[in-house]
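Q: Assemble the whole structure, with the sequences as input and the hints as a guide.
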Amino acid sequence: MNVSQEDKVPAPNIREFIRGVKRWTPCPLTSLPSDVTERSLQVGVRLDEENRSGTYFQIDDVPIFHGIKRIFGGKLEIIGMRQALQRHEWLKDYFWRLTDRGADEFTELADKDWDDGYFVRILEGQKLTFPLQACLFISTDKFNQNVHNVIVAESGSDAQIITGCTIHPSVSRGLHVGITEIYVKRGAKLTFTMVHNWASEFDARPRTAILVEEGATFVSNYVCLSPVRSLQMYPVAYCIGEGAKARFNSILYVRDGSYIDVGTKIVLDGKGSRGEIVSRAIATDSAQAYLRGLLVGRSDDSKGHIECRGLLLSDRASIHAIPRLDAEVRGVELTHEAAIGKIAKEQIEYLMARGFSEEEAEALLVRGFMDVSIFGLPATLNEEIRRIVESASRAH
Amino acid sequence: MLRVEDLTVETTGKTIIKDLTLEVPKGETHVLFGPNGSGKSTLIKTILGFSNYKVVKGRIYFKEKDITDMPINERVKLGMGVVFQSPPALRGVKLKDILNSFLGQSRDGLENLIRALSLKHEFLDRDLNVDFSGGEVKLSEMLQLFAQRPDFALIDEPDSGVDVENLERIGKVLNNYLAESTGILITHTGYILRYLNVSKGHVIINGTIACSGNPLSILTQILHEGYGWCEKCLLMGKRELHERIAGR
Numbered sequence: 001m002n003v004s005q006e007d008k009v010p011a012p013n014i015r016e017f018i019r020g021v022k023r024w025t026p027c028p029l030t031s032l033p034s035d036v037t038e039r040s041l042q043v044g045v046r047l048d049e050e051n052r053s054g055t056y057f058q059i060d061d062v063p064i065f066h067g068i069k070r071i072f073g074g075k076l077e078i079i080g081m082r083q084a085l086q087r088h089e090w091l092k093d094y095f096w097r098l099t100d101r102g103a104d105e106f107t108e109l110a111d112k113d114w115d116d117g118y119f120v121r122i123l124e125g126q127k128l129t130f131p132l133q134a135c136l137f138i139s140t141d142k143f144n145q146n147v148h149n150v151i152v153a154e155s156g157s158d159a160q161i162i163t164g165c166t167i168h169p170s171v172s173r174g175l176h177v178g179i180t181e182i183y184v185k186r187g188a189k190l191t192f193t194m195v196h197n198w199a200s201e202f203d204a205r206p207r208t209a210i211l212v213e214e215g216a217t218f219v220s221n222y223v224c225l226s227p228v229r230s231l232q233m234y235p236v237a238y239c240i241g242e243g244a245k246a247r248f249n250s251i252l253y254v255r256d257g258s259y260i261d262v263g264t265k266i267v268l269d270g271k272g273s274r275g276e277i278v279s280r281a282i283a284t285d286s287a288q289a290y291l292r293g294l295l296v297g298r299s300d301d302s303k304g305h306i307e308c309r310g311l312l313l314s315d316r317a318s319i320h321a322i323p324r325l326d327a328e329v330r331g332v333e334l335t336h337e338a339a340i341g342k343i344a345k346e347q348i349e350y351l352m353a354r355g356f357s358e359e360e361a362e363a364l365l366v367r368g369f370m371d372v373s374i375f376g377l378p379a380t381l382n383e384e385i386r387r388i389v390e391s392a393s394r395a396h
Numbered sequence: 001m002l003r004v005e006d007l008t009v010e011t012t013g014k015t016i017i018k019d020l021t022l023e024v025p026k027g028e029t030h031v032l033f034g035p036n037g038s039g040k041s042t043l044i045k046t047i048l049g050f051s052n053y054k055v056v057k058g059r060i061y062f063k064e065k066d067i068t069d070m071p072i073n074e075r076v077k078l079g080m081g082v083v084f085q086s087p088p089a090l091r092g093v094k095l096k097d098i099l100n101s102f103l104g105q106s107r108d109g110l111e112n113l114i115r116a117l118s119l120k121h122e123f124l125d126r127d128l129n130v131d132f133s134g135g136e137v138k139l140s141e142m143l144q145l146f147a148q149r150p151d152f153a154l155i156d157e158p159d160s161g162v163d164v165e166n167l168e169r170i171g172k173v174l175n176n177y178l179a180e181s182t183g184i185l186i187t188h189t190g191y192i193l194r195y196l197n198v199s200k201g202h203v204i205i206n207g208t209i210a211c212s213g214n215p216l217s218i219l220t221q222i223l224h225e226g227y228g229w230c231e232k233c234l235l236m237g238k239r240e241l242h243e244r245i246a247g248r
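Same order as they appear, the protein sequences are chains H and E. Using the working numbering, you'd call the opening residue of the first sequence number 1 and step up by one each time. Using the working numbering, you'd call the opening residue of the second sequence number 1 and step up by one each time.
Derived by calculation from the structure, the hints in this document are not laboratory data. Everything numeric in this text was worked out from a predicted model, so none of it was measured. For every residue, glycine included, the Cβ atom is placed at its ideal position computed from N, Cα and C. Keep in mind that the hints are not guaranteed to be accurate.
[Claimed, not checked] Derived lysine-lysine pairs resembling DSBU-like cross-links, with alpha carbons at most 35 angstroms apart: (1) E:Lys94 <-> E:Lys63; (2) E:Lys14 <-> H:Lys345; (3) H:Lys342 <-> E:Lys96; (4) H:Lys22 <-> H:Lys8; (5) H:Lys345 <-> E:Lys26; (6) E:Lys77 <-> H:Lys345; (7) E:Lys57 <-> E:Lys77; (8) E:Lys18 <-> H:Lys342; (9) E:Lys94 <-> H:Lys189; (10) E:Lys26 <-> E:Lys14; (11) E:Lys63 <-> E:Lys14; (12) E:Lys57 <-> H:Lys345; (13) H:Lys142 <-> H:Lys8; (14) H:Lys342 <-> E:Lys120; (15) E:Lys94 <-> H:Lys127; (16) E:Lys26 <-> E:Lys63; (17) H:Lys345 <-> E:Lys65; (18) E:Lys96 <-> E:Lys77; (19) E:Lys94 <-> H:Lys303; (20) E:Lys57 <-> H:Lys342; (21) H:Lys345 <-> E:Lys94; (22) H:Lys342 <-> E:Lys94; (23) H:Lys189 <-> E:Lys96; (24) E:Lys77 <-> H:Lys342; (25) H:Lys345 <-> E:Lys63; (26) H:Lys142 <-> H:Lys92; (27) H:Lys189 <-> E:Lys120; (28) E:Lys14 <-> H:Lys342.
[To be verified] So the derived label-pair ranges between C-beta atoms look like this: (29) H:Ser373 <-> E:Asn36: 29 to 39 angstroms; (30) H:Arg316 <-> E:Val130: 26 to 36 angstroms; (31) H:Ile18 <-> E:Arg107: 50 to 60 angstroms; (32) H:Arg15 <-> E:Pro71: 50 to 60 angstroms; (33) E:Glu180 <-> H:Thr30: 52 to 62 angstroms.
A: Right, here's the structure in full:
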């Protein structure tokens with residue numbers, strides 16, 4: 001990332017946060033209080049575990065719960081990261097491998113003051129019919145949570161993971177740092193859906209990196225519709241194998257005084273690898289949004305495309321779309337399209353001519369702008385994300 | 001049902017409609033003819049209340065109410081409906097979103113329409129007017145009109161960009177509908193008139209009505225002589241005389 005632009009992101013003062021509260025003890029999901037249940041549901045994590053294959057739940061610095069539905073036994077692992085490192089000697093080679101501990105002050109923080117996180121492994125050839133879910137919850141105001149997650153999708157496996165990061169209604173300030181390292185091995189397919197729900201004084205710094213091997217597919221869906229003081233992330237996918245594919249979809253509703261800087265980088269190293277970045281951002285109030293995309297084509301026959309659409313609903317808000325294409329060898333094909341605009345009067349009046357009021361017409365167009373069917377997801381996940389987007393847009 | 005009185009309309013500072021008076025009684029469908037840019041579509045959008053069209057003089061009455069300053073959706077609630085000539089593309093808004101708002105739970109009527117217009121159900125899930133062909137735009141507009149079933153329909157060029165098969169389909173369904181309704185229809189080519197029983201025709205030249213009369217006679221005259229003839233007619237102030245000829 002360009003340093004001068006990074007400097008503009010409001011920097012949280014790391015020293016002003018609280019650490020080491022250990023207020024919770026492990027318990028069954030069903031005994032968690034209803035406000036935790038409701039907040040989790042808003043980010044796609046169901047505490048009744050219906051239509052889920054396994055769950056990890058962490059509140060502040062305490063792993064509360066991990067478990068697998070019986071019929072999925074022997075197909076996957078989902079446990080706390082500390083425990084996983086003790087269980088598997090080999091796992092240390094996957095820990096801090098894709099992300100550099102010293103990359104910035106937040107990776108340093110996560111290395112120094114580490115609060116667990118989850119380890120997920122889908123065993124070779126296993127195809128999970130229901131998604132896994134993980135929730136990283138913050139219940140203490142001013143808390144700094146630093147999690148580190150590792151996901152290993154073994155060869156030929158196929159799974160979906162929903163990660164919800166959210167806060168208790170009483171939390172207004174805090175800092176969430178999430179290191180996530182994902183390995184999608186030969187021929188595997190992983191769909192990683194991350195839903196964030198923060199507050200207007202909260203800061204978030206996810207750090208995600210993905211390795212995509214030969215014939216493997218990685219799909220990321222990122223949804224953030226709540227206000228946030230600052231959110232900065234720049235996940236990177238390395239498509240190292242022949243025919244490796246990565247696709248990143250994101251839906252952002254940036255409101256109040258939020259400042260977000262969300263980028264995606266895909267490195268196309270494998271022969272015939274594919275990368276796609278699709279984002280939709282709405283900015284209103286006095287929010288500022290930077291949407292970055294970077295495709296690096298390093299191999300013959302690799303192809304990539306960035307599609308970014310922004311919708312401005314206020315004169316005080318701003319959206320900056322910054323797509324970048326780096327082609328480093330011949331035979332690379334990279335394209336991008338970016339469009340930012342406002343809702344056209346013509347569109348509103350068309351809908352009014354169908355009997356909708358001006359407000360209804362605008363709401364319909366805004367909802368249409370965030371239509372998730374463009375992401376081409378499996379039907380059930382599509383419905384799930386649609387539900388999240390609709391409930392979140394109603395909640396605010 | 002609709003009365004336009006001495007209407008003058010401006011858009012982006014230019015006068016498009018000038019001193020236009022028109023009355024459409026209940027049960028009648030009137031056809032508007034006229035060259036490109038003569039003000040036909042402007043008249044329809046003004047009757048609907050689109051913000052780009054400023055009424056500088058005159059009034060519009062609908063069902064005896066003065067609607068000149070009424071918001072678009074209020075007019076629609078009063079019983080107006082419209083078929084646009086070239087509607088905007090609405091990403092993420094599905095055709096079914098609009099149909100559902102008109103139909104609520106009653107789906108029988110919709111099924112009949114889908115059959116009558118030979119549409120596929122997938123069509124209802126498409127983003128409205130996004131990558132629609134010319135024919136699909138018309139079918140979608142028609143479907144919305146029939147789902148709404150307004151008392152008064154404003155129909156702007158239902159026959160432009162439509163192939164022969166679809167034209168026949170649209171024409172027949174539209175004729176059934178108009179038999180029980182009231183409306184204004186614009187046609188540039190007149191093709192759709194083959195399928196419709198319409199009551200009266202008007203030629204609009206330079207934003208005002210140059211003549212009125214039997215729609216088929218007017219169409220025949222236009223096809224033979226072109227609109228140049230209407231312009232001359234207007235200049236010579238032979239409106240009355242012409243009305244008699246056209247009405248023969």
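Q: If a hint holds in the structure, say so; if it doesn't, say that too.
A: Hint check:
1. E:Lys94 <-> E:Lys63: At roughly 32 angstroms apart (the allowed maximum being 35 angstroms), E:Lys63 and E:Lys94 satisfy the hint.
2. E:Lys14 <-> H:Lys345: 20 angstroms, holds
3. H:Lys342 <-> E:Lys96: 24 angstroms, holds
4. H:Lys22 <-> H:Lys8: 34 angstroms, holds
5. H:Lys345 <-> E:Lys26: Distance ~32 angstroms between H:Lys345 and E:Lys26 Cα, so the pair holds.
6. E:Lys77 <-> H:Lys345: Holds - the C-alpha atoms of H:Lys345 and E:Lys77 are around 20 angstroms apart, at most 35 angstroms.
7. E:Lys57 <-> E:Lys77: Distance of about 25 angstroms is within 35 angstroms: holds.
8. E:Lys18 <-> H:Lys342: 33 angstroms, holds
9. E:Lys94 <-> H:Lys189: 31 angstroms, holds
10. E:Lys26 <-> E:Lys14: Given that 35 angstroms is the threshold and the Cα spacing comes to 32 angstroms, the pair holds.
11. E:Lys63 <-> E:Lys14: 29 angstroms, holds
12. E:Lys57 <-> H:Lys345: Distance ~24 angstroms between E:Lys57 and H:Lys345 Cα, so the pair holds.
13. H:Lys142 <-> H:Lys8: 22 angstroms, holds
14. H:Lys342 <-> E:Lys120: 32 angstroms, holds
15. E:Lys94 <-> H:Lys127: Between E:Lys94 and H:Lys127 the Cα gap is close to 33 angstroms, so the pair holds against 35 angstroms.
16. E:Lys26 <-> E:Lys63: 9 angstroms, holds
17. H:Lys345 <-> E:Lys65: 26 angstroms, holds
18. E:Lys96 <-> E:Lys77: 19 angstroms, holds
19. E:Lys94 <-> H:Lys303: 31 angstroms, holds
20. E:Lys57 <-> H:Lys342: Holds: E:Lys57 and H:Lys342 sit about 32 angstroms apart, inside 35 angstroms.
21. H:Lys345 <-> E:Lys94: Measuring from Cα to Cα gives roughly 18 angstroms; hence the hint holds.
22. H:Lys342 <-> E:Lys94: This hinted pair holds, its Cα atoms lying about 20 angstroms apart.
23. H:Lys189 <-> E:Lys96: This hinted pair holds, its Cα atoms lying about 33 angstroms apart.
24. E:Lys77 <-> H:Lys342: 27 angstroms, holds
25. H:Lys345 <-> E:Lys63: 27 angstroms, holds
26. H:Lys142 <-> H:Lys92: Distance ~31 angstroms between H:Lys142 and H:Lys92 Cα, so the pair holds.
27. H:Lys189 <-> E:Lys120: Cα-Cα ~33 angstroms, so holds.
28. E:Lys14 <-> H:Lys342: 26 angstroms, holds
29. H:Ser373 <-> E:Asn36: 29 to 39 angstroms: For E:Asn36 against H:Ser373, whose Cβ atoms are near 38 angstroms apart, the range 29 to 39 angstroms holds.
30. H:Arg316 <-> E:Val130: 26 to 36 angstroms: 30 angstroms, holds
31. H:Ile18 <-> E:Arg107: 50 to 60 angstroms: The hint (50 to 60 angstroms, Cβ to Cβ) holds, given that H:Ile18 and E:Arg107 are roughly 56 angstroms apart.
32. H:Arg15 <-> E:Pro71: 50 to 60 angstroms: 55 angstroms, holds
33. E:Glu180 <-> H:Thr30: 52 to 62 angstroms: 59 angstroms, holds
Checked against the numbered hints above, the structure breaks none of them.
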